[in-house]
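Undergrad: Given chain A, put chain B in place with the hints provided.
There are 2 protein chains.
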Amino acid sequence: MSESISHSVSYSSIEKPPFAVTVIGSGNWGTTVAKVIAENTRENPLLFEPIVRMWVFEEEYQGSKLTETINKTHINTKYLPDIKLPDNLIAEPDLLKSVEFSNILIFNIPHQFLEKILSQLKGHIHPKTRAVSCLKGLRVSEENVELLSDIIQKELGIWTGCLAGANLAQEVALQKFSETTIAYPLPPDYIPGDVDATVLYTLFHRPYFHIHVIDDIAGISIAGALKNIIAISVGFVDGLNWGDNAKAAITRRGLLEMIRFGLKFFPSCKVSSFTEESAGVADLITTCSGGRNFKLAKMMATTGKSAHDVEKELLNGQSAQGLVTAKEIHELIKNRKCQEEFPLFETTYQILFHGVSIGILPYMLENKWSQSKQNFYN
Amino acid sequence: MSESISHSVSYSSIEKPPFAVTVIGSGNWGTTVAKVIAENTRENPLLFEPIVRMWVFEEEYQGSKLTETINKTHINTKYLPDIKLPDNLIAEPDLLKSVEFSNILIFNIPHQFLEKILSQLKGHIHPKTRAVSCLKGLRVSEENVELLSDIIQKELGIWTGCLAGANLAQEVALQKFSETTIAYPLPPDYIPGDVDATVLYTLFHRPYFHIHVIDDIAGISIAGALKNIIAISVGFVDGLNWGDNAKAAITRRGLLEMIRFGLKFFPSCKVSSFTEESAGVADLITTCSGGRNFKLAKMMATTGKSAHDVEKELLNGQSAQGLVTAKEIHELIKNRKCQEEFPLFETTYQILFHGVSIGILPYMLENKWSQSKQNFYN
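Residue numbers (the numbering used here), protein chains in the order written: chain A, 1 to 378; chain B, 379 to 756.
Next comes chain A alone, as it looks inside the complex (with noise of 0.2 Å):
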């Protein structure tokens, strides 16, 4: 550890509460984050500092900086406006600092700021720290794919987790009802006080925002990349007018090849993560039936425009993440020879890139692969 580090509690008391917390990040869901943790630091302070750091990227806004304006009124006026965030939490323009004496850092971060703030972070951080990484998806290369939370566990050589699910941060911070799923599993190093599931359950968990806490990182991580190649197909059959039953097929299938891909690339990871949490079948609901990838795609079907010209003219310079994930998907599958394992993450990237018609779909889908096992008795 750096000799830079220096603790206000001494290294024994590192794995004991009272845990302080750290979110590193102040987009519109960093900061609805650190809005339930903060409400839960402050009604439960035996287990935790009721201060709650968030790293804010300091930048000036209205005519100030946006970490004066938080501190000050209390509101993120720039990333999450007119949502009242509790007194005890506190923005902090530098990084070093806002994680200093943190036991548990939430990350928080757009995907590209990643490296960059672990780079900085680097040598900083006490070991036996512990993090969540509500970053979502893969890093998928040619070869091989990595999880996110895996990056940041080796980077920083901390025991790191990850938080998703059916999630929408305007709707969390306006206090309508929602679910997410963390994924955390003991670390091997736990001493009993240790942070664990009953403490990022208390960590996270509000009234209207329920948590559920399972230990397969890589089948949440999968999920929250491969439900978006799964919403565009939704949304070609949608602007087709196919149905509601022939979405719910596509729907059902993509499930199906996501958990055939996780058993596949993670074989440790759960079925029922993809199938019961809110990360795996609730997120691929929502997913599907509206947001960027479904819209895209929609309007790909009823205009007979290319994916390119769909996403300049609809997205207004943002970017659908499912266009990349498929392209992605697409080179591994092909470089590890099993691109027939998965027809619809196959056909969808056809259809996006290579001009194949959307009909051919349920042909496609009209092979041994069909049946989620290959026998018809299991």
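None of these hints come from the bench; they were simulated from the model.
Cβ coordinates follow ideal geometry from the N, Cα and C atoms, glycine included.
Be careful, since some hints might not be right.
If you want the footprint, here are the derived chain A segments under chain B, 3+ residues with CB under 8 Å [unchecked claim]:
(1) 170 to 181
(2) 198 to 210
(3) 233 to 243
(4) 284 to 293
(5) 352 to 364
Label pairs and their in silico Cβ distance ranges [stated by the list, open to error]:
(6) B:436 - A:359: 39 to 47 Å
(7) B:491 - A:84: 58 to 66 Å
(8) B:460 - A:359: 21 to 29 Å
(9) B:718 - A:192: 43 to 51 Å
(10) A:359 - B:455: 28 to 36 Å
(11) B:439 - A:331: 56 to 64 Å
(12) A:141 - B:453: 54 to 62 Å
(13) B:668 - A:97: 47 to 55 Å
(14) A:317 - B:695: 48 to 56 Å
(15) A:264 - B:645: 52 to 60 Å
(16) B:567 - A:327: 51 to 59 Å
(17) B:697 - A:141: 54 to 62 Å
(18) B:717 - A:154: 46 to 54 Å
(19) A:87 - B:718: 46 to 54 Å
TA: Relative to chain A, chain B alone:
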């Protein structure tokens, strides 16, 4: 076996192809299923007798007998207008004539006629005849729950499976893509060559209507009944504009309660029937996104009117099955003293019939049963 049965085939070949098929029922779903079957028997003349008989309750329609119209024009003008039926689908007004010589019976009649039809058939069906019931649901009494397929099996002494899925007759008739699940365990007296999963797959699978055969009749029957209660709850929260993630959360919690109910009342049923099959998760998704039960509940939430008044106003004398099921399930779990295991079903009942506020839902779901397992770690 009654002496009144005369077969033009001998006893020893009742279990062998080619199999003759009769569809009992000719409403819009019955006629659609008969169409699908007739397309397949025509294409597989070694496995099936090409002629498919459909028992049609004879009535006058537009100046003619309905069976005559169907056989002349190949359109069921009353129950499936504008859809051309295959020439090898023959309408038969005499129930016993329609089933004579058939190896496979497909039941597709409204629930209220089941007892009467069974009493007419009793004693006239060869015990080695195989059946598939398309009737959705359960027979719920105050202390018990029975599968509709078991009722057919008991009355007629024939092995009976069932078919259910995310299907709408009109969409399947128009050959829009969808899927369905068939549950058909191998009969105990099965001999190779007899009706099995492959036979049923071939009988029902079309390029636009994909089949998965499993062996869990209880699972898909329970899903088919309970989804309607869940759809009501989703309708409530949609009516209050709680957002898509609230709806997905309710859908997910409903799925978990379905599973719990299934395992409690039919311990041999499989979790995957609910979480992976068309008759499970896919039908749940479509039922919760539209349909009578959803719409009724949504209107209750937006207007404050009672279930009874909305049913009259919205459904024109038709009934919403979910209201009946919610009441029946409430009585059953009350008598079996396990209400606290089903907070979503119970709270939905209380909202429907005892004026409890919809707003209580998150609180009622926020208890130890909110976790799919009692411990955080499996």
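Undergrad: Each hint: holds or not?
TA: The hints, checked one at a time:
Three residues within the 8 Å Cβ limit are the bar, and the segment 170 to 181 of chain A against chain B gives 5, so the coverage statement holds. Coverage of the segment 198 to 210 of chain A by chain B holds. Counting CB-CB distances below 8 Å, 5 residues qualify, and the rule asks for three or more. Counting residues of the segment 233 to 243 of chain A whose C-beta lies closer than 8 Å to any C-beta of chain B gives 3; at least three are required, and the coverage claim holds. As drawn, the segment 284 to 293 of chain A meets chain B at 4 residues by the rule of a beta-carbon pair under 8 Å; at three or more, the given contact holds.
Counting residues of the segment 352 to 364 of chain A whose beta-carbon sits less than 8 Å from any beta-carbon of chain B gives 3, enough to reach three: the coverage restraint holds. For the pair residue 436 (chain B) and residue 359 (chain A), the supplied restraint of 39 to 47 Å holds, since their beta-carbon distance comes to about 40 Å. Remark: the range hint 58 to 66 Å for residue 491 (chain B) to residue 84 (chain A) is upheld by a beta-carbon distance near 60 Å. Take residue 460 (chain B) and residue 359 (chain A): their Cβ atoms lie about 22 Å apart, and the range 21 to 29 Å holds.
A beta carbon spacing of about 30 Å between residue 718 (chain B) and residue 192 (chain A) contradicts the range 43 to 51 Å that was offered as a hint. Our hint of 28 to 36 Å for residue 359 (chain A) and residue 455 (chain B) holds, since their Cβ atoms are close to 30 Å apart. The hinted window of 56 to 64 Å between residue 439 (chain B) and residue 331 (chain A) holds, with their beta carbons roughly 59 Å apart. Checking the proposed 54 to 62 Å range against residue 141 (chain A) and residue 453 (chain B) shows it holds: the Cβ atoms sit about 57 Å from each other.
For the pair residue 668 (chain B) and residue 97 (chain A), the beta carbons lie near 52 Å from each other, so the given range of 47 to 55 Å is met. Checked against the given bound of 48 to 56 Å, the beta carbons of residue 317 (chain A) and residue 695 (chain B), roughly 53 Å apart, stay inside it. For residue 264 (chain A) and residue 645 (chain B), the Cβ-Cβ distance of about 31 Å falls outside the hinted range of 52 to 60 Å, so the restraint is violated. Range check, residue 567 (chain B) to residue 327 (chain A): Cβ separation about 53 Å, and the 51 to 59 Å hint holds.
Against the hinted window of 54 to 62 Å, the Cβ-Cβ separation of residue 697 (chain B) and residue 141 (chain A) comes to about 56 Å, which satisfies the hint. Between residue 717 (chain B) and residue 154 (chain A), the C-beta spacing of about 48 Å keeps the proposed range 46 to 54 Å intact. In this structure the hint that residue 87 (chain A) and residue 718 (chain B) lie 46 to 54 Å apart at CB is violated, the actual value being about 37 Å.
Violated hints for the displayed structure, listed by number in ascending order: 9, 15 and 19.
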